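Residue strings, one per chain:
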Amino acid sequence: MNMRGKNNSMGIKARIYARQYWQFCKEKPLGAFGAVVFFIMIVLAIGAHVWATADPLSTNIRYALNPPSEKFWLGTDYLGRDVWSRFVYGARSSVWVVVAGVILSTISGGLLGIISGYKGGKIDHFLQRVMDFLMSIPILLMGIIVMVMLGPALINVAITIGIIYIPRINRLSRSSAIAIKAMPYIEASKTMGHSHLFIIFKHVFPNSLAILLVYGTALLGGGFLVESGLSFLGVGVPPPYPSWGRDLSTSMPHFETASWLAIFPGLGISLVVFGANLLGDALRDVLDPRLKRV
Amino acid sequence: MKKKVIKALAILSGVMLVIPMLATFASSAPPIPQRGGILKIADPFEPPVLNTMMTPTITVFAYATPVFNGLVMVDPTQEEVSVEKVVPSLAEKWEISPDRKVYTFYLRKGVKFHDGRPFTAKDAKYSLEFFADAKLSALAAMVEMMEKVEIVDDYTIRISLKYPHSPFLLYLSYPYCKILPAHLAKVSAKSTDFLVGTGPFKFKSRIPGKVWVYERNPDYFLKGLPYLDGVEIYPMKTEPMIDAFSAGRLHMARSIRYGIDHKTSLDKLRKHAPEAIIKMKPVGVIRGVWFNVAGRQGHKGPWQDARVRRAMAMVTDFPGSMIAGQGSLELGVNSGVVPPYVPTGLQWKEIEKILGMDKPMEERVKEAKKLMKEAGYPDGFKAELITRNVSVYISPSEFMIESWRQNLKILVEIKALEYVVFAPKRDGGDFDLMYDGTTGRYGGTPEETLAMFVSEAMENRARWSNQEYDKLYHSLVREAEPKKREEMSGKMQKIFLEEMPFLINVAPVIGVAHRPSLHGHVMQAGHTGWACMDRMWMEK
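Taken in order, these protein sequences are the chains called A and B. Numbers in this note's numbering are just positions in the first sequence, counted from 1, shifted up by 14. Numbers in this note's numbering are just positions in the second sequence, counted from 1, shifted up by 202.
Isolated chain B (complex conformation) (with noise of 0.2 Å):
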């Protein structure tokens, strides 16, 4: 009887024990995807073209990504942007030589483009091939390695580069790189006819300026996927977008934009939905002064002494400049060179301490005296700064030109011109000083930003030349081992920071808003902010 009434304590206390194991392991295991649903997104432009890799840029990228694929991607479930993340897309695997200059894919078999026509090494290569062609693609300078495509048999491609390119894999996984069809290569990717892709959804019909449809497609190559029924993308304005998502029209509020204009929308948004997942990543460019080192055709200037820009740099009050043209510390990051957030690049701390601002003001603006009397303007001088006739570019401008006015009399008039006037003016060199940013990235390395300044790069805007920098340039593509690629981009860092070529002052970021009911959206640090929708789903 005791033996009894001990065996059955024991089954009790077993069951009380494991019980709770089991509702916590419930609790915590991710939810079940549910299949269904139409997700309704906002976005608050509609695109100029449909082509990413000719406009590469967050909007473009919106109406474009339920449709296609690359042959590679970053881990659209991680927030992780790495080498390390990048997994299979339309290619299920491949291979780098030991040399690392021959990278071979193979294709998934059995895939169709939404038209019904089969996706083969030929589409591929088509894509491969524009995205490295300077004419047509405004990232071909990204993959300027590449020296060709080849075709081994229909689901197979060889891709031979000039020299090793340790990022080369990440940039075919970023979202700019999709797979185009060949047998499509004549339609205007300003027509809708263009979305034709082999994504987890169809292109299904558009009503200009209101709503853009997808459905699911059927014959998505991801077995089971995509879990979504369809894709409602509302061109509208913010403040229209955030009433809609607050009033629970909407399930996602894409491209919330950063800026000093913009803060109350965020405002709104958290006051009036505030069960939303809003999540805010770095947008992948940098901003701040560029100086024409090379100066002006016949005008030469004071800042193309580096004396002087860096005078300038330490009287500059940058988390005032950031707040000046973001409206808050939480809409961006300072900056240098290589963002914080991307591997190997300095944190704003270790540049406030090359740059010397980690001092009190008062110093740092007599050793900036110091530097200007040096270079021989104890007086200071007048600039002209152009810059795009936009808020987030102006507010930022006025505030560092007023502190350096008052610091160092350097008078700088501003000039705010509206872009058709201001491109040629960038592109051609024809400024003094230009607050502008440089053209989206990733950030996954750091070459993605410290190639822009190399000499000859198109990028390049303020003309700058360093030969020990470009010589450190072109080992890092080539190394493959962390510590001195670390090594090797630090020294680039720095001596980007003693120039000072290009004054930045902020990564800025982007916000998306969601609804808790919606899950397998991971947003990624970078110019797009998600990878791939297929593994979105809705609760019902």
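Looking at chain A on its own, in the form it has when it is part of the complex (with noise of 0.2 Å):
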């Protein structure tokens, strides 16, 4: 194909995701409005580096505790750092973690419930009491409890969040392997002799993976709330790095006299766990098969 033809392919293919957006912004608005939330937290998280007006670590005692002003858009907190920055480089911590932490539930939750659905017999029996047993386990509660085993670090708040959902990830992708395996072409695939791995990686895994990514981008929402819940606490991200949850926390004293401390990143919260909630949920709607209008 040459050149000209495949410009013309790409502008087709660019022309009927848009109409396939179009589509989805008029049946699911709120989702739509989700998206483009999410969206701008992904372009400020990217982006922090550009949108940052100073270095969100440098302190001056001189500018504490200043309001909003031409200087610091956001005010300064108690060591004259600049509020506007952290919260741009907050986003981009929070999206680091709490994004990798789902990539890393969905993977590892995924195989796990797919192993446990697929074989069966002792081995799903064993892997869902664990299951259980950790699910019976407050979120927040076994979030502390993980973090304090790692210690404070950017990456182990990655990985506590990828834990907390390993179990809800499991119960979704093992009843996905259940219904697959009872599938003709797994059984043509055994026939043919295919390994069980084979057959794992082949069929069972890629035919889950779109419930999956579903399923994943659906716990976005509390995966932020986790992520800031934690820092809220003072286990999550460490100081002096910027988090929203961290800086939320560390605003509280200063609530009468500095509100905007705690304004800004409460809003943020708010508004990404509300756009990824609402994008969630228009997704598992518009591909759930079983919602889908015939």
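One or more hints might be untrue.
To be verified - Calculated pairs, EDC-like style, for lysine to aspartate or glutamate (alpha carbon to alpha carbon, straight line, at most 20 Å):
id, chain 1, residue 1, chain 2, residue 2
1, B, Lys470, A, Glu270
2, B, Lys473, A, Glu270
3, B, Lys502, B, Glu615
4, B, Lys611, A, Asp69
5, A, Lys133, A, Asp146
6, B, Lys627, B, Glu661
7, B, Lys571, B, Asp519
8, B, Lys287, B, Glu297
9, B, Lys439, A, Glu270
10, B, Lys575, B, Glu701
11, B, Lys412, B, Glu248
12, B, Lys696, B, Asp560
Unchecked claim - Partial pick of chain B residues on the chain A-facing surface, computed with a CB cut under 10 Å:
id, residue
13, Pro521
14, Ser523
15, Ile525
16, Ala526
17, Ser593
18, Ile596
19, Ser597
20, Glu600
21, Glu604
22, Ser605
23, Lys617
24, Ala618
25, Leu619
26, Val623
These aren't lab readings, by the way, just hints derived from the structure by calculation. This one's a predicted model, so the numbers in the text were calculated from it and none came from an experiment. The beta carbon of each residue, even a glycine, is placed where N, CA and C say it ideally should be.
Mind docking these for me? Both chains are given alone in their own frames, and the hints should help you get the complex.
Take a look at the structure:
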């Protein structure tokens, strides 16, 4: 295919996607709003070094607790650090840990669930009892326990979020695997002498992926809440790195005199969780075959 | 007739001169104490134990002070804390041998514990041995010079020291060293049954989390005291405490915490209770960054080089770091190893000069970079700093590491840990750098903090060792002559500043607010705030 043909093909694809997105917006306006909010968050996070007007770690005690102004768009904190810069860099650390955590849980929980559902028997019993135990522990409590064991570090927050959501993803992928296991092509694959590992990675996992991705997206909102909750409690993102949850926590003593310290991180958390939840719900509604109109 | 007029005028003039003088005298004369009233105090915490020697914290003192006495005490009517201000308490007098190694205390007769049992030398011996027992007492290191305690008779004890120790009497006078009843040795310090002493108030009752009630001890050994009928202590957090005090429901708010979190509390108090008398005094701890000079197990670090530590000190904005931790310059003082309010403590200006910090920041950064280059770290290094997960520790840590990052390319990762995780690391030397404070001291003598950095001292978290420093310390404690003491203390402080095992930034303060109607409360610098409650009284 020549370049002109290639460009035409890409143009056609772009138009198709745009039409699909427009259709999505018409059918699910709230989901679309959620997608926009989430997109803005991603843009802020990726381009934090562009949007920030100062080093988020740089302190200047002379400017401590200044209200929003031309120089400091969202004011300064108790160490004289620029709140706007900490806001955008906080978005980056939050997005990073949450997305990494959700990917970790999707892959590990997904695989565990698939193995459990596909193999059945004693492996299934054992794995599901372990998952039952993990699910019985409240999310935040489990997060605190894991963070205290691993120690305060950005990567550990991502691992913690991953561990927290493994049981939930596991349940979903297990039921998906049980359904796929009964399909004729699986039987055919077995007849052809393919190994279990082959069948899992060639058939079961790819066919479960869509639903896992949708559910993973729906978990993003919860992931942001977990991350900000852990940071608020002082066991999440370690100081002095910016984090909406931690910045919200340290703003509490100054709420009466410097309320901007609490308002902006709080607003950020609320919007991103709201947007992620709306997007996740909309995607689930659109992609779940049981809810599709004939 | 003329003589009569002159005489009358003279008398009238005299009266007119005398009356104003009498009025002035009357107004400046101290008010006469009034008996009666229940003093209502709030404190932010309830004590985990009630033995001040086991857990020498401000909270424990608040609840134990009404009930117990020491052998001697720092004059509760004076702010100054020094050997000269030590006055009798349960010991009515004492003698010191010419070699200053033997102290003989003559105890008051007829004193009873609150359960009616008599106080005798047996109780004094038991308490002093408890104080010196490292397995039982958190402050045993303070009195390691005590060799033995002997009972001479029922009302005389003799303490022998291993060597003459100038501040020994002062250490015994501190509110840590309470006299406990020997017959209740088996009672747990966690139980309120432990609160049986000789103090001006008897423990009466407690509603957990609500109130602790104490009533006057009618058999108190100082006749006519205490003036108050009783004391009620309400455990409540700082914010509701400020609100309750401002609303007139409390006579005293204790332990108004220092720190960035509580600056607004203090502002609120000043706004809503402008008539309150607020007293801020150093709390007897010093805080800063400890360097693991001996190194973590198998892990050497650049901070083991004194030039690196000095460079890090030079680029630190100390007043800024104090604001970062305390919220305001009025909530602490920049300090050396001997706080400036302690006799012979160097003032901050002198410390700045020794450290080269009296120069402009640009010059300091230049010199610091030169030191780093000489030490072999021109491009900085990475390190880990542990601290408690509390804002008054995290905020100054964040501030200080930022100045090191910006000026010397030293990248420090902060690990804010819960106390149960932090304490074993601190005690085991499992850290590179650590932001923490010393244990509280009363601040009457330089030895109290200087002792913490002697080789092998348990509190020497930096595990630093300097022979000359150790030698000077052992001479200092034996020396009584003030000028020589000042000289030795000054030399030790200089050695410390040159080696910098502990980069001190602040000696924080603690506050007490009380109503103007409360009298007899004298706040001393130091870990507990005050010595005794028997002289407090309230206007009706």
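Discussion item. Of the numbered hints stated earlier in the document, which are not met by this structure?
Written reply: As far as the earlier hints go, not one is violated by this structure.
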